[in-house]
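Participant: Residues per chain are reported as follows:
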Amino acid sequence: MSDVSQKELDEFRAGARAWFAENVPSEPDFMLPLTFMEVGTQEQFDFLRDWQRKCYEAGYLGAAWPKEYGGGGLAQAFQDVATQEMHRAGGPIMLNAIGINWAGPLILDMGSEEQRKAYIKGILSAEDIWCQGFSEPDHGSDLGNAQTRAVRDGDDYVINGSKIWTTQGNYAKYMILLARTDPDAPRKYDGLSFFLAPMTVPGVETVPIKKLTGEYGFTQTFFTDARIPATSLIGGEGKGWAVAMRTLEYERGARGGQAGGYVTVYPDVGEVVELAKRALRNGHPACEDPIIRDKLVKLLATYRGLQLNGKRSRIAPLVQDKPMSLPLSSKLIATEFYREINQLAMAMQGPRGAYYVGEPEAYDEGIWQRSYLNAFSGTIGGGTSQIQHNIIGEHVLGLPKS
Amino acid sequence: MERNVTLTFSEEQAELLEVAQNFCRDKSPVPTVRKLIEDDLGYDPAVWEEMVALGWLGIAVPEEFGGVGLSMAEVVPVVEQMSRRLMGGPFVPATLAAQALIAGGTEKQKSAILPEICAGKVATLALTEPHADWNLTHIEAKAVEEGGKLKLSGTKIFVVDAASAEWIVASVSKDGAPALVIIEKSTLPEGALRREVVADETRRSFRLELDGVTVPADALLDVSRAKETLDHIDLAASLLLSAEACGAAASCVDYTVEYLQTRKQFGKLIGSYQSLKHPTVDALVAYEMARSHLYNAACTFGQQGEGEIAVRMAKSEASDALSFAADRAIQFHGGFGFTYECDAQLYRRRSMWCEYLHGDGPYQRAKLADLLF
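Protein sequence lines correspond, in order, to chains Z and V. Position in the first sequence counted from 1, then plus 1, gives you my numbering. Position in the second sequence counted from 1, then plus 941, gives you my numbering.
Note that these hints are calculated values from the structure, not bench results. Please note that a few of the clues may not be correct.
[To be verified] Heads up, incomplete: computed chain Z residues facing chain V, CB under 10 Å, no partners named:
| no. | residue |
| --- | --- |
| 1 | LEU144 |
| 2 | VAL208 |
| 3 | ARG294 |
| 4 | LEU319 |
| 5 | VAL320 |
| 6 | LEU333 |
| 7 | GLN389 |
| 8 | GLY399 |
Here a beta-carbon is modelled for each residue, glycine too, at the ideal position from N, C-alpha and C.
Using the sequences and the accompanying hints, generate a full structural model.
Facilitator: The following block contains the structure:
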């Protein structure tokens, strides 16, 4: 699909720009989540589901996914343009993050024809919300040791066990589920299988988890003799680890194929600069303090560096030494950046730094404090920053396993 | 604030990167680097001739003056690869001196000297002074007109490769304003140059005593453009120092990784210990980030506003990245890291050069704060 003309792209862009200008919803009277991990109330959920459906129906989500399954059948360049215009217009996030970023690309890559036909359209329209069942209460970073059991019984698998940190688990119709089919396999990895599991069958219970912010967004999921059809298996029995690793490549940005849009709104670093001009420090704006200035510029350089890393990763001669270095480090850099910039924003506020959401005197309604606490979902979820260091060390630098 | 950053890479850059990568790897293995450290000149004239033949000295020189007619963007990959192999030699000072002439020289000076530089004659710059202010317009050296000539006085430091140079372009204060003059090295009195002891032993740096030096009146560069020429040289030098820092950081990380993959303690390869693994990853990540900034700075070089922001960010990120990588390289080599034999010191010494010339990270960030908010 390299023969996309600039003219076609320009026309598409003009159309997208006009559509988003017309259709981006105005701010509701409740706080919108900044990431897909912060959807904690029904009104937030309904609002975002409606927005994703509209984007999809207008052709600006899944534009590059195959037409026969519900996508737009266009070249990736068109979706990239649509995503840029979505950004430019400042639209809310896409709700069905697990679906459009991980489950969808996985099903398109490795799923059967039936699975593609059954799931892709619902992922794009947000009709079917997806969640991810990887981490368990006792097995987080040590994912390969997952113990949730799946036992074959006739045309079904019977699931028992528990998954945790299930984002949008209480809204989800399906879960990408990593479960143990063979507890006696000599290698723990070989005992795992991967399922596109329905959440609507008897024996599945989701319990919301109250986050450190006092809000909701995650659940713990309990399986008690839950029967799911054997046809929900993907990749074959005992091959679950490879499928999970493939999924993590989507999650960590090492593999493309996502439907487009974005699922996290990063703070505009310009807003932090504005805050530095408003907040006072010893009689002067915080932005005149040399140490604040140094830290702020350092973070601005990181922010730009992330964008530049993204651009450089597409220039082959500039990534030939360690091709996986940029893709595998983007999660680490982006999530730590997000945590640090919120931390700096808090630190500039003087005593108001100790306020929180709900206090009328708080700067910007306390959003910096809340975002800082929420930022840990990024530095912990999807593999902690410490695990990311191991991954980069082992897979990019070839260092021995820890 | 959320600019749409650009990173483009030309075919010429790609070609030069590949050629320079192979050339520098072949010509400058570490034993050669160490041998040249002991050499007075500090580089192999035969290798220099090959670089000249490749056209590298004229990359950013207009064709009308014997150059290739490309830009500083295409010099970057060459300098990066040279530093990856810790090469010494006057490539950078000659390139920067040419930039000074292109930006501020008279037509006569450009036609006389630029073709010679492209053909391998060395020129260098004398900008820094003992007060060691990074601000290049802080000039205490003086030029006074006397009998149709210019009488110079004052002292310059960090005159790189002055021994091999035919020309030295020096900044002076003339009638209270910055100016640049070309000094023919052959006219310097005996003892005007003294070799400085610098941490990076692959370099040849000199102190230049200007007292008693006289140059003809037409040695003066265009005075009306002196300030912008100094700004241009400062950014060009910062760009190339960023390229050097990135090149050295790449091989410094590789060097450390190799040790972590082979050295055993307590029955385990030391690279399996997270206290060594994680900071090494931090060094890699910082280097990669710096390299993206570097090529952003290369492709926007010379653009009003954006070009300066990009260069200063690159300098800040790259010099910090190399200093961190090399500092940890010494530490992670343990007792061996404390020896002269271990290459970690070569990288750490190079990092001192890259970091402390033309403004370190905090200095660049202070400048950036002024530019950004």
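Participant: Each hint needs a verdict: does it hold in this structure or not?
Facilitator: Cross-check of the supplied hints:
1. LEU144: LEU144 of chain Z check fails; min Cβ-Cβ to chain V is 18 Å, beyond 10 Å.
2. VAL208: 34 Å, violated
3. ARG294: 4 Å, holds
4. LEU319: Because about 6 Å separates LEU319 of chain Z from the closest Cβ in chain V, which is inside the 10 Å limit, the hint holds.
5. VAL320: The hint holds - VAL320 of chain Z has a Cβ within 10 Å of chain V, the shortest such distance being about 9 Å.
6. LEU333: 7 Å, holds
7. GLN389: Holds, about 8 Å.
8. GLY399: 7 Å, holds
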